[in-house]
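These protein sequence lines map, in sequence, to chains V and S.
Number 393 in the working numbering belongs to position 327 of the first sequence; there are no gaps in the numbering.
Number 145 in the working numbering belongs to position 144 of the second sequence; there are no gaps in the numbering.
Rather than coming from a laboratory, the hints here were simulated on the basis of the structure.
A virtual CB, placed ideally from N, CA and C, is assigned to each residue, including glycine.
Heads up, none of these hints are tricks.
Covered stretches of chain V, as calculated for chain S (at least 3 residues, CB under 8 angstroms):
hint : stretch
1    : 81-91
2    : 102-115
3    : 120-130
No farther apart than 20 angstroms at their CA atoms in a straight line, the calculated lysine to any residue pairs in the SDA-like style are these:
hint : chain 1 : residue 1 : chain 2 : residue 2
4    : S       : K201      : V       : E123
5    : S       : K199      : V       : E123
6    : S       : K200      : V       : Q75
7    : V       : K79       : S       : K199
Below, each chain spelled out in residue letters.
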Amino acid sequence: MIFKLTDDQEAIKTMVQNFAEKDLAPYVDEWEEKEIFPKEAFKKIAELGLFGLTCPEEYGGTNMGSLTSAIIYEELGKVYRAMSYLSISNLVCFLIYKNGNEDQRRKWVVPLAKGELFGGFALTEPNAGSDAAAVQTSAMKKGDDYVINGSKIFISAGGEADVYTVVAKTDKTKGAAGASILVVEKGTPGFSFGKTEKKMGMCSYPTRELIFDDCIVSKDHLLGDEGKGFRMIMEALDGGRINIGAISVGLAHAALTKALNYSKERVQFGKAISEFQGIQFMLADMATEIEAARLLVYKAAYMKDQGLKVTKEAAMAKKFATDMAMRVTTDAVQILGGYGYMKDYTVERYMREAKVGQIVEGTNQIQRVVIARELLR
Amino acid sequence: MNVVVCVKQVPDTESVIKVKPDGSDIITDDLKYVMNPYDEYGVEEALQIKEKFGGSVTILCMGPSRVVETIRTGLAMGADKAIHLDDPALEGGDAFATAKALAEALKGIEYDLVLCGKQAVDDDLSQTGQTLAELLGFPHASLIQKLEIADDNKSATVHCQVEGGLAVLDVSLPAVLTTQKGLNEPRYASLPGIMKAKKKPLDTKDLAALGLSADSVGCAGSKTIITKMTPPPERAAGKVIEGEGPQETVPKLVQLLREEAKVI
Numbered sequence: 067m068i069f070k071l072t073d074d075q076e077a078i079k080t081m082v083q084n085f086a087e088k089d090l091a092p093y094v095d096e097w098e099e100k101e102i103f104p105k106e107a108f109k110k111i112a113e114l115g116l117f118g119l120t121c122p123e124e125y126g127g128t129n130m131g132s133l134t135s136a137i138i139y140e141e142l143g144k145v146y147r148a149m150s151y152l153s154i155s156n157l158v159c160f161l162i163y164k165n166g167n168e169d170q171r172r173k174w175v176v177p178l179a180k181g182e183l184f185g186g187f188a189l190t191e192p193n194a195g196s197d198a199a200a201v202q203t204s205a206m207k208k209g210d211d212y213v214i215n216g217s218k219i220f221i222s223a224g225g226e227a228d229v230y231t232v233v234a235k236t237d238k239t240k241g242a243a244g245a246s247i248l249v250v251e252k253g254t255p256g257f258s259f260g261k262t263e264k265k266m267g268m269c270s271y272p273t274r275e276l277i278f279d280d281c282i283v284s285k286d287h288l289l290g291d292e293g294k295g296f297r298m299i300m301e302a303l304d305g306g307r308i309n310i311g312a313i314s315v316g317l318a319h320a321a322l323t324k325a326l327n328y329s330k331e332r333v334q335f336g337k338a339i340s341e342f343q344g345i346q347f348m349l350a351d352m353a354t355e356i357e358a359a360r361l362l363v364y365k366a367a368y369m370k371d372q373g374l375k376v377t378k379e380a381a382m383a384k385k386f387a388t389d390m391a392m393r394v395t396t397d398a399v400q401i402l403g404g405y406g407y408m409k410d411y412t413v414e415r416y417m418r419e420a421k422v423g424q425i426v427e428g429t430n431q432i433q434r435v436v437i438a439r440e441l442l443r
Numbered sequence: 002m003n004v005v006v007c008v009k010q011v012p013d014t015e016s017v018i019k020v021k022p023d024g025s026d027i028i029t030d031d032l033k034y035v036m037n038p039y040d041e042y043g044v045e046e047a048l049q050i051k052e053k054f055g056g057s058v059t060i061l062c063m064g065p066s067r068v069v070e071t072i073r074t075g076l077a078m079g080a081d082k083a084i085h086l087d088d089p090a091l092e093g094g095d096a097f098a099t100a101k102a103l104a105e106a107l108k109g110i111e112y113d114l115v116l117c118g119k120q121a122v123d124d125d126l127s128q129t130g131q132t133l134a135e136l137l138g139f140p141h142a143s144l145i146q147k148l149e150i151a152d153d154n155k156s157a158t159v160h161c162q163v164e165g166g167l168a169v170l171d172v173s174l175p176a177v178l179t180t181q182k183g184l185n186e187p188r189y190a191s192l193p194g195i196m197k198a199k200k201k202p203l204d205t206k207d208l209a210a211l212g213l214s215a216d217s218v219g220c221a222g223s224k225t226i227i228t229k230m231t232p233p234p235e236r237a238a239g240k241v242i243e244g245e246g247p248q249e250t251v252p253k254l255v256q257l258l259r260e261e262a263k264v265i
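Excised from the complex, chain S in its bound form:
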């Protein structure tokens, strides 16, 4: 089984995000970046598949040179090789433009399965994986929490999170699956893994290598445009209900929930 994992570098989930005064973007100066947490499940699953069936794990990542650090994390965890899509024209793309570049990069590679995180925790679009599947013409399943590959490696059974339960689907391979929390427990890169990561093949491709025109990708090739960013309103301080015991406080709480919060 050859598995490709699409990985995105995102700001550390603990960072404080500030919007630029003109609302065009967030301030990236002091941001620390990490691998998108949902993509970590993808990397881990791919490594487990490789451990079971053999084959290889390829990391596919798009972004400026800083994303190499995230690619190396994937290689240090145990992936075999990586493809880095790096071109200024690719920047600012929405899920469609990103999927288009990823689909193009996958041409000419042999693979049986593509894994993506169910969403990136920066823009939370949750669309890239599905769009990629459409562009490739492969089946897809989203929010998978369990993955069983058939012994002949031609199909898989997946458990997908749906509202109020689980949907169990059979998919033929190759397919694109998006990974959700609960699928596995991602491993840490080990010391030997980190030391070996630098020696693993990393193929950097620009727009020309991909064979795409600048107006079909990135900001220019996007179907959606971000017109303005604003920080969410600051949360107001909580309200303390005072009174002697529940006999007094509960009716006050009910009244507030009904009249002020309007939730009951």
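Excised from the complex, chain V in its bound form:
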């Protein structure tokens, strides 16, 4: 086993780190506070090639592979947790690249990979989240078109994204086997956005409802075959879960760094609180857990790059890393004490941001179901 990044990975890590510290870090608090979607920052990220991580060069991408992507997401997560939106746009890019035909790739994958178009992923509904087979949004074939009806909730970058991969039933009599994926562009008649949700964290990108009211798209917007939607999603989600794990490792790292620095400066009873064993043990546990999570994430990513099945490993990495980030950020707030609870000290934001990791890309309860299913196979 070799625990060493390649020269290219080191160079990429340094580049992303420099970019994040210079072009993101100074502005994140303001974006979060004022709920500003930093489209310009995302455009810069696109210039660096980070929107095309999941598709090859001939479609404008960089095809970085899972491990290099994880390293990138970890670095971004250290500075700006809401950068997980990038993972969503990359997921949309991957879905269309993997399952689309040549025309669809040219039409959507190329501009998505260049960041000229932003992607949105629409699965969750009021009555279908973890139980994805319960999707009620329908897409009924009518001549050469599909007529979409229904609504999707909690859609990241809803209204800001240009191209949405929408999971809808093309056969309402079936469960998962009746689901398909259609590409719907912003501005299509019958496709509108509901209210922008008020969230606990990650306020710099909008989370909105998508409403389809007799929204008509041509049959060229169907990805692959009817009824294959869930298989496509499951494949894409393995990668997405690794990315969420990686971002959570970065977030926890940021929280530990703040807690470490603070503990060395904060003097109580005549000495820095870092000299008290109670604080030292907390710091040691935080660092150990971060390292363990990082290794799980890297291993899942490495296996994926080898073409191995990683459903179990990706679920483990996602579950462990996001639970870990929740604990570590909570402890960081604890170490900063009263200051930690104040918005000026950022760690409370980390704690709010950590929570979402335990919920998205399949709740951590669902991850356990996935892991157990693989174990009991």
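Once you've looked at the hints, dock chain S against the given chain V.
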């Protein structure tokens, strides 16, 4: 336009620099190295010139094998090729000895312009660019903040920072220009750029390839010798002037500035 950019690898500007106990050098064990920030302006300017006029951008860098990382950064930003001067005899050179090696490396290369950072942020000598120009026999301008190449590529107009203002100069090309903050905003290496960097030509030259003798370069060929390094004295804690309102504190401040700091 073919542009050569001289690049130096320096310790990261955020590193904590410690001097060896015997004062002979700094401790380099845990240092992280980066491209000298002023050289980044040079690389960016060269890339913009290439984008406008065509031609090529060559990175020229001297130093041990670790500097290859910095060379690759330049290639990843978009430079076409690089020359790496790597020989133990080149180590420890001052600005003169360094310029001599660089000048020698430039022989036999076709170029219209040489760009150097105005200074390296490690030893802050600010001499290599000018010395290089003298050795090559080309005109030079320092601390440039704006560069306009004439359409015939035979001359350029440069804006140089001078005390209290700007000096606008016309220089014939080839020339050596040293780049200053404000010239441009250096780009980041992109992902495709990083992936392509490794495949770009990197020509490593030792002393024999340069055709120089060991006593003419490096420490042996230097005009100056560093006899001792000492860390700067630790900064004393600040002074808080106490009192009720400005009526009380300002006279105290004035008194301290006059008697203690002796600045007014």
